[in-house]
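*Asks:* Its first residue numbered 1, the first sequence is counted upward by one per residue in our numbering.
Rather than coming from a laboratory, the hints here were simulated on the basis of the structure.
Be aware that one or more of the hints could be misleading.
[Stated by the list, open to error] Below, simulated DSSO-like cross-link-like pairs (lysine-lysine); rule was C-alpha separation at most 30 Å, straight line:
(1) K416 / K169
(2) K290 / K243
(3) K719 / K788
(4) K366 / K344
(5) K574 / K656
(6) K230 / K243
(7) K155 / K508
[What the hints assert, rightly or not] Simulated DEER-style distance windows between Cβ atoms:
(8) E178 / K374: 39 to 45 Å
(9) K21 / K276: 30 to 36 Å
(10) E192 / T522: 19 to 25 Å
(11) D343 / E22: 42 to 48 Å
We put the beta carbon where it would ideally sit given N, CA and C, even for glycine.
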Amino acid sequence: MPKNKIDIKKTEDKWKSFWEKEGIYKFEGKKRKKIYSIDTPPPYVSGDMHIGHAFSYSQQDFIARFRRMLHMKDGEVFYPFGTDDNGLPTERFVEKKNRIKSKSISRAEFIELCLKTLKEITPDFIQDWKDLGISCDYSLYYSTIDKHSQKISQKSFIELFKQGDIYRKEFPTLWCTECQTTIAQAELEDMEKDSLFSTLKFKADGKDLLIATTRPEMLRACVAVFVNPKDTRYKSLIGKKAKVPLFNHEVPIIEDESADIEKGTGVLMICSYGDKFDVEAINRHGLNPKIILGKNGTMSIEGHEKYNSLRVKEARKKILEDLRENGLIEEQKQISHVVNVHDKCGTEIEFVPTEQWFIKILDKKKELVKQGKKINWHPEFMFKRYENWVNGLEWDWSISRERHFGVPIPVWICRKCNEIILPEEKELPVDPLQERKKCSKCNELAEGEERVLDTWATSSLTPQIASSLPAVKKTAEVKMPFSLRPQAHDIIRTWAFYTIVKSYLHEKEIPWKDIIISGFVTHKGEKMSKSKGTGIRPRQLMETYGTDALRFWAAGSKLGEDMDYHEKDLITGKKFITKLVNASRFVFMNLEDYSSGKRKPKKLEKLDELFLNRLNALIKSSTENFKRYEYSKAKSETEQFFWHVFCDNYLEIVKKRIYNEKGDKKISAQYTLYTSLLTILKLIAPIMPFITEEIYQTYFKKSEKEKSIHISKWPEEIKIPKLSKKEEGIFDIMIEIIAKVRHEKSIAKKSMNSEIVLTLERDFLEKLEEVIDDLKAVANAKEIREGKFSVEFV
RNA sequence: GGUCCCGUGGUCUAGUGGUUAUGACGACUCGUUUACACCGAGUAGAUCGUAGGUUCGAUUCCUACCGGGACCACCA
1 MPKNKIDIKK
11 TEDKWKSFWE
21 KEGIYKFEGK
31 KRKKIYSIDT
41 PPPYVSGDMH
51 IGHAFSYSQQ
61 DFIARFRRML
71 HMKDGEVFYP
81 FGTDDNGLPT
91 ERFVEKKNRI
101 KSKSISRAEF
111 IELCLKTLKE
121 ITPDFIQDWK
131 DLGISCDYSL
141 YYSTIDKHSQ
151 KISQKSFIEL
161 FKQGDIYRKE
171 FPTLWCTECQ
181 TTIAQAELED
191 MEKDSLFSTL
201 KFKADGKDLL
211 IATTRPEMLR
221 ACVAVFVNPK
231 DTRYKSLIGK
241 KAKVPLFNHE
251 VPIIEDESAD
261 IEKGTGVLMI
271 CSYGDKFDVE
281 AINRHGLNPK
291 IILGKNGTMS
301 IEGHEKYNSL
311 RVKEARKKIL
321 EDLRENGLIE
331 EQKQISHVVN
341 VHDKCGTEIE
351 FVPTEQWFIK
361 ILDKKKELVK
371 QGKKINWHPE
381 FMFKRYENWV
391 NGLEWDWSIS
401 RERHFGVPIP
411 VWICRKCNEI
421 ILPEEKELPV
431 DPLQERKKCS
441 KCNELAEGEE
451 RVLDTWATSS
461 LTPQIASSLP
471 AVKKTAEVKM
481 PFSLRPQAHD
491 IIRTWAFYTI
501 VKSYLHEKEI
511 PWKDIIISGF
521 VTHKGEKMSK
531 SKGTGIRPRQ
541 LMETYGTDAL
551 RFWAAGSKLG
561 EDMDYHEKDL
571 ITGKKFITKL
581 VNASRFVFMN
591 LEDYSSGKRK
601 PKKLEKLDEL
611 FLNRLNALIK
621 SSTENFKRYE
631 YSKAKSETEQ
641 FFWHVFCDNY
651 LEIVKKRIYN
661 EKGDKKISAQ
671 YTLYTSLLTI
681 LKLIAPIMPF
691 ITEEIYQTYF
701 KKSEKEKSIH
711 ISKWPEEIKI
721 PKLSKKEEGI
731 FDIMIEIIAK
741 VRHEKSIAKK
751 SMNSEIVLTL
761 ERDFLEKLEE
771 VIDDLKAVAN
781 AKEIREGKFS
791 VEFV
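Sequences are here, hints too, so could you generate the full structure?
*Replies:* Right under this line is the structure:
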């Protein structure tokens, strides 16, 4: 190691490849061992790692590394790594990269191409995680689109279908007319749009009935009119018919609480389907929908062919013109309102009835809340978000998608008798477009389902996917529930929720005992994002400050708390690295004649005992804190102890003893130095894996048996004689006196090394009797007298 | 509009029914001492968002409000 600086990058590279070569994080899976299993979040394969990734993956790695060391004796950590890569963004990426349209080749061919492309880019992508020191066993790898995941996902589908938890139904779903696919609620984005709010003249009871709308193009699809039962203006109309302007068909006037008296004219037209509310209203009242909008976003109105083939906006314009010509518009104003658009293309979403596959969840809300309650949420309040989401559910889980690159829905449907044909488990994974099956009932050739599963339908099975990886199955049984799920809070309603759903439906079990939810990295209080231009790449930071410094920073806020990003905050970690290096170098400079590393003095000096007593308290509290996922507390306690107790005080006290003494007194100091430094390194190793490994390998390796600090045993309390309460206080008094002396020297503008005559009160002298030589040395006092406290310079 | 989180020195953060309220960064003053100037010692800097309430006592518990944020809803 160079004098007082180390080449951060070189050091990191060295240990990274050492860990990989030596299989330090390898899951052995030997029988009868206790397994601490982690349901690692599979990052989405797109671009480089984001600072938010670095933040949350570091935090989960602290726990993984702590557990690995803690269970070294009796168990091990199961920490697999996956990537999430099926779905639309991958399709887009692959189309662009290969200059090909997915629709121009078969699904099987396109999937092959995607897989091939992913194979090329994934290693680089995963490298970011390795560089960050994330201690997964990367050989326990899955991708959510690989054969294994497909098999588990399809098996899940078949099982749930057989259990009656999956059904197929024609249902108006969120539809993007641009991408021509169903989309998930999670893919919606808000957008403020200007719109024309027109008040139209319906007829009821021979009089005008005014109704305001932003979607006049849907008039022909109007199937009812709602008024609030409390609204006296329209009470007499309830149960009667209203005549729709321009199209002149009649629709019922229905009383419904949902009609807002204050809004518009207080009368609400229900169309199939203008928005989500319409869908719900039509279902609730059992109305017959009239469909005029096609999947490609064009109109098709029987008997009114002049509007046909017009897109929504063109139709709106034309119909408004016609309404105006016929004097059917009472009033018009420009408004601005929020609409849902597809996050990928910005197109306003529509509700189009299509036949979709659903997983029943609405009938299980209570059970799902109960399941959630059985899991330990850290922080606890995150459970509330889960609970709110479940309680607010309005739809069953729609799992079919009109996409190409995804896990195929493993069914064939007989056109003749509508029978659904499932594959055998041993055939999985299957692509129903590639294989032919005959109907089991009428022996007709059945049609393969064209659609694929929602990506969450697969990623909700990560525990089942990871635990059944071939590499795992051979050596161990990783059981449900897993010990831990780490994730961020934005996907509680998706990933956490769907995973809980699946393991409830399959195993009647919770997927994990604990869940830890990390916060976000913010910039000036707001969530960082690429679109706001506040996305920050960790790579540059890792090179400038060191990966350990970045991780040190990530350990600076407690679990679930957001942290505002300031580059200067990385300086602290970098300084800490330097301090560790220097302190270690100094310790071992003084251990040159202390070869074995295990040599104990016949009797420990009192001061050393007092110091080790403090160290024991730190070990205890650090262990507890890590167990409670309070890594930030564990980190800051160790940080404080190392810097201010160990370096600023203990080292200063003991260095003179080592220089000047011989025999047991010296050995006591050396033993204490060796033991405490190694302990401190281990306590901070989960946070700073690189520098602790470097120091361990440089100095400790020859006398310690484990080949890496990361698979060494977590520190246990050091055996020292039990101290009385009175004795415990001595250490604080010692530090207090030292501080006072330093204060005097500082005021006098003298160097800390200047020689003094120290005068202490009798009470102090008595208490410090057993450590008086050490005090004398650290204060550089020629003599210590009894009397009123004073510091005289010689 | 609903649910939830946060509001502590200039900045970022810890913490608690009674503490001289933590630490880091920054600032300032000293000090080159055989680990470290990416250092050491010291100093200044916080009425703990505001207003009430509970309490012998609140920064900590409760209520309201203000400010920031997240998720959801909002589409007539």
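*Asks:* Tell me if the beta carbons of E178 and K374 are separated by a distance inside 39 to 45 Å.
*Replies:* 42 Å, holds
*Asks:* With the threshold set at 30 Å, check whether the alpha-carbon distance from K719 to K788 stays at or below it.
*Replies:* 38 Å, violated
*Asks:* For the range 30 to 36 Å, tell me whether the beta carbons of K21 and K276 fit it or not.
*Replies:* At roughly 55 Å between Cβ atoms, K276 and K21 fall outside 30 to 36 Å, so the hint is violated.
*Asks:* Keeping to a limit of 30 Å between CA atoms, is the pair of K230 and K243 held or broken?
*Replies:* 23 Å, holds
*Asks:* Taking 30 Å as the top limit, are the C-alpha atoms of K574 and K656 close enough?
*Replies:* 29 Å, holds
*Asks:* For the pair supplied as a hint, K155 and K508, confirm whether the alpha-carbon distance does not exceed 30 Å.
*Replies:* The given pair, whose Cα atoms are some 16 Å apart, holds under the 30 Å limit.
*Asks:* How does the Cβ-Cβ distance of E192 and T522 compare with 19 to 25 Å: does it lie in that range?
*Replies:* For E192 and T522 the Cβ distance comes to about 23 Å; the hint holds.
*Asks:* Could you grab the alpha-carbon distance between K366 and K344 and see if it respects the 30 Å cut-off?
*Replies:* 34 Å, violated
*Asks:* Between K290 and K243, does the CA-CA distance stay at or below 30 Å?
*Replies:* Measuring from Cα to Cα gives roughly 16 Å; hence the hint holds.
*Asks:* Is the hinted pair K416 and K169 satisfied, with a Cα-Cα distance of at most 30 Å?
*Replies:* This hinted pair holds, its Cα atoms lying about 18 Å apart.
*Asks:* For D343 and E22, compare the CB-CB distance with the range 42 to 48 Å and indicate the outcome.
*Replies:* 44 Å, holds
When held up to the earlier numbered hints, the structure conflicts with 3, 4, 9 and fits the remainder.
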